[in-house]
Amino acid sequence: DAGVIQSPRHEVTEMGQEVTLRCKPISGHDYLFWYRQTMMRGLELLIYFNNNVPIDDSGMPEDRFSAKMPNASFSTLKIQPSEPRDSAVYFCASSTRDPLNEQFFGPGTRLTVL
Amino acid sequence: QKEVEQDPGPLSVPEGAIVSLNCTYSNSAFQYFMWYRQYSRKGPELLMYTYSSGNKEDGRFTAQVDKSSKYISLFIRDSQPSDSATYLCAMSRNAGNNRKLIWGLGTSLAVNP
Chain H
11 DAGVIQSPRH EVTEMGQEVT LRCKPISGHD YLFWYRQTMM RGLELLIYFN
61 NNVPIDDSGM PEDRFSAKMP NASFSTLKIQ PSEPRDSAVY FCASSTRDPL
111 NEQFFGPGTR LTVL
Chain D
109 QKEVEQDPGP LSVPEGAIVS LNCTYSNSAF QYFMWYRQYS RKGPELLMYT
159 YSSGNKEDGR FTAQVDKSSK YISLFIRDSQ PSDSATYLCA MSRNAGNNRK
209 LIWGLGTSLA VNP
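Taken in sequence, the protein lines are chains H and D.
If you're matching positions, the first sequence starts at 11 in our numbering and goes up one per residue.
If you're matching positions, the second sequence starts at 109 in our numbering and goes up one per residue.
So that you can see chain D by itself, here it is in the shape it has in the complex (with noise of 0.2 Å):
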């Protein structure tokens, strides 16, 4: 079993819907969860984080954390066909000198106008 699951998609929705990414992992010792959005044929970019448990919003985007259920989502509101994207979660330990990301293997979503 991996440590971090992600349903690879494709998912393809309407302009203005409300889209939701999840992410599950096995590791209780993550503190660090992340999203990466990664543009076609581009590298990933960091664009939520959060620290521990918790929700995080940032403008259409909102970071939920489930450490009871070992589940992270990523919603998006009123998406837009600039949403379209690869979605990857990533999970660390904050351990000292230990600089790896545990990642998921993304996910593939289309925003139809």
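Chain H with its partners taken away, still in its complex shape (with noise of 0.2 Å):
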């Protein structure tokens, strides 16, 4: 398997602008996770979604941010408009229902806001 996919791996956008981060979860999981990773904060759970449905998303941080999964295999997250304290590693996961639930990470996108 290929593992969680995301694109694009770097982005580098000007303030106001709209970004849409994507992700490929591992075929077969039941569940995909969104997270922002920064030095201060560390790792922030955003949204996550059982089976395509939002389950929560009570860590997205307002509502220029959006996330979206249209089938199984495909998810978006979504910021518009773009500000500069946006700037963060994005990561996309994905588990099974094993309830030791443990999360296999792409790569991450590195989302620069000037």
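Calculated from the structure, these hints are not laboratory results.
Heads up, the beta-carbon is just placed ideally off N, CA and C, and yes, glycines get one too.
There's no promise every hint is true.
Unchecked claim - Straight-line C-alpha distance at most 27 Å; calculated DSS-like pairs for lysine-lysine:
hint, chain 1, residue 1, chain 2, residue 2
1, H, Lys34, H, Lys88
2, H, Lys88, D, Lys150
3, D, Lys164, D, Lys208
4, D, Lys150, H, Lys34
5, D, Lys208, D, Lys110
6, D, Lys208, D, Lys150
7, D, Lys164, H, Lys78
8, H, Lys88, D, Lys175
9, D, Lys175, D, Lys150
10, H, Lys34, H, Lys78
11, H, Lys34, D, Lys208
12, D, Lys164, D, Lys178
13, D, Lys208, H, Lys78
14, D, Lys175, D, Lys110
15, D, Lys150, D, Lys110
Unchecked claim - Derived DEER-like restraints, expressed as beta-carbon distance ranges:
hint, chain 1, residue 1, chain 2, residue 2, range
16, D, Arg201, H, Ala12, 28 to 36 Å
17, D, Asn163, H, Thr86, 36 to 44 Å
18, H, Lys78, D, Asn163, 36 to 44 Å
19, D, Gly124, H, Glu28, 48 to 56 Å
20, H, Arg74, D, Ile126, 44 to 52 Å
21, D, Ser148, H, Glu28, 27 to 35 Å
22, D, Ser161, H, Thr122, 40 to 48 Å
23, H, Asn62, D, Tyr147, 27 to 35 Å
24, D, Pro118, H, Asp40, 34 to 42 Å
25, D, Glu153, H, Glu54, 16 to 24 Å
26, H, Gly69, D, Asp166, 26 to 34 Å
Unchecked claim - If we take Cβ atoms under 8 Å as the criterion, some of the chain H residues that face chain D in the derived model are:
hint, residue
27, Ala82
28, Phe84
29, Pro109
30, Gln113
Both chains are sitting in their own frames, so use the hints and assemble them into the complex.
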């Protein structure tokens, strides 16, 4: 298996622009997670899905952030409009229904908002 | 107060040293205790886990959980330069459909040859 795939790997944009991050989870996994990682705040869960349905979006910072999962093999995280404080590494992860909840992470998207 | 506390370091040790990494937590409902390893510019990967309390050993790595003190540890024996990474602790409640992991900040480790 190719693992979790994310694109783009790097994104540099200007304040006010729309940013779309993409994720393909591991085939057969039931859960998909979006995280943001910064030095100051560590790894923060933004939202997670179960079988394409959003379960908990309490970590989404504000209305500028939205996430969708139209099918089992694709999810997007959109920021509109982007701000400099959104600069971070965004990870997508997926897991099975196993109680251990081992999460398999993608390589991340490094976002810089100027 | 955060649910999980972890000293971010950085920690720098010579090759061959024994390394001790620790996390404390406040929620007694946690059942799964995990250590993830994150290399630079990569996503975290599960290194070890313990269910409930006790010790678990895997090669040079030992994970310990002390639920009475709400304290978990990861020991690395005979540390190698390839162990240089950030180590994140994570915990979960094993509560039905609640799949949230509660993460520590991560401890940055450098093993110097």
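Structure-based check of all given hints:
The hinted pair formed by H:Lys34 and H:Lys88 meets the criterion: a straight-line CA distance of about 15 Å does not exceed 27 Å. For the proposed pair H:Lys88 and D:Lys150, the alpha carbon gap of about 22 Å is at most 27 Å, so the pair holds. Taken as a hint, the D:Lys164 and D:Lys208 pair is honoured in the structure, with Cα atoms around 23 Å apart against an allowance of 27 Å. At most 27 Å may separate the alpha-carbon atoms for a hinted pair to count; D:Lys150 and H:Lys34 meet this at roughly 16 Å.
Simply put, D:Lys208 and D:Lys110 have alpha-carbon atoms about 15 Å apart, close enough for the 27 Å limit, and the pair holds. A C-alpha spacing of about 21 Å is found between D:Lys208 and D:Lys150, which places the hinted pair at or below 27 Å, so the restraint holds. Proposed proximity of D:Lys164 and H:Lys78 is contradicted: the alpha carbons are some 39 Å apart, above 27 Å. A distance of roughly 40 Å separates the Cα atoms of H:Lys88 and D:Lys175; the hinted pair therefore is violated under the 27 Å criterion.
For the suggested pair D:Lys175 and D:Lys150, the alpha carbons sit about 31 Å apart, so the restraint of at most 27 Å is broken. For the proposed pair H:Lys34 and H:Lys78, the alpha carbon gap of about 12 Å is at most 27 Å, so the pair holds. Distance check on the hinted pair: H:Lys34 and D:Lys208 sit about 20 Å apart at the alpha-carbon level, within 27 Å; holds. Distance check on the hinted pair: D:Lys164 and D:Lys178 sit about 17 Å apart at the alpha-carbon level, within 27 Å; holds.
A C-alpha spacing of about 18 Å is found between D:Lys208 and H:Lys78, which places the hinted pair at or below 27 Å, so the restraint holds. Between D:Lys175 and D:Lys110 the CA atoms are separated by roughly 17 Å; this keeps the pair inside 27 Å, and the hint holds. For the hint pairing D:Lys150 with D:Lys110, the CA-to-CA distance comes to about 25 Å; that is within 27 Å, so the pair holds. Evaluation of the 28 to 36 Å hint for D:Arg201 and H:Ala12 yields a pass: the beta carbon distance comes to about 31 Å.
The hinted range of 36 to 44 Å is satisfied by D:Asn163 and H:Thr86, whose Cβ atoms lie roughly 42 Å apart. For H:Lys78 paired with D:Asn163, a C-beta distance near 43 Å keeps the hint of 36 to 44 Å intact. Between D:Gly124 and H:Glu28 the CB atoms are about 51 Å apart, so this pair conforms to the stated range of 48 to 56 Å. Between H:Arg74 and D:Ile126 the Cβ separation comes to about 46 Å, which falls inside the hinted range of 44 to 52 Å.
In this structure the hint that D:Ser148 and H:Glu28 lie 27 to 35 Å apart at CB holds, the actual value being about 29 Å. The hinted range of 40 to 48 Å is satisfied by D:Ser161 and H:Thr122, whose Cβ atoms lie roughly 43 Å apart. Between H:Asn62 and D:Tyr147 the beta carbons are some 31 Å apart, a value that agrees with the proposed interval 27 to 35 Å. In this structure, D:Pro118 and H:Asp40 meet the distance hint of 34 to 42 Å, their C-beta atoms being roughly 37 Å apart.
Taken as a hint, the range 16 to 24 Å holds for the pair D:Glu153 and H:Glu54, whose Cβ atoms sit roughly 19 Å apart. Remark: the range hint 26 to 34 Å for H:Gly69 to D:Asp166 is upheld by a beta-carbon distance near 31 Å. The criterion of a C-beta within 8 Å of any C-beta in chain D is not met by H:Ala82, whose closest approach is roughly 16 Å, and the hint is violated. For H:Phe84, the interface hint is violated, since its Cβ never comes within 8 Å of a Cβ in chain D; the closest pair sits about 18 Å apart.
Here the hint on H:Pro109 is kept, as its CB sits about 5 Å from the closest CB of chain D, short of 8 Å. At its closest, the beta carbon of H:Gln113 sits 7 Å from a beta carbon of chain D; the interface hint therefore holds under the 8 Å criterion.
Checked against the numbered hints above, the structure breaks hints 7, 8, 9, 27 and 28 and satisfies the rest.
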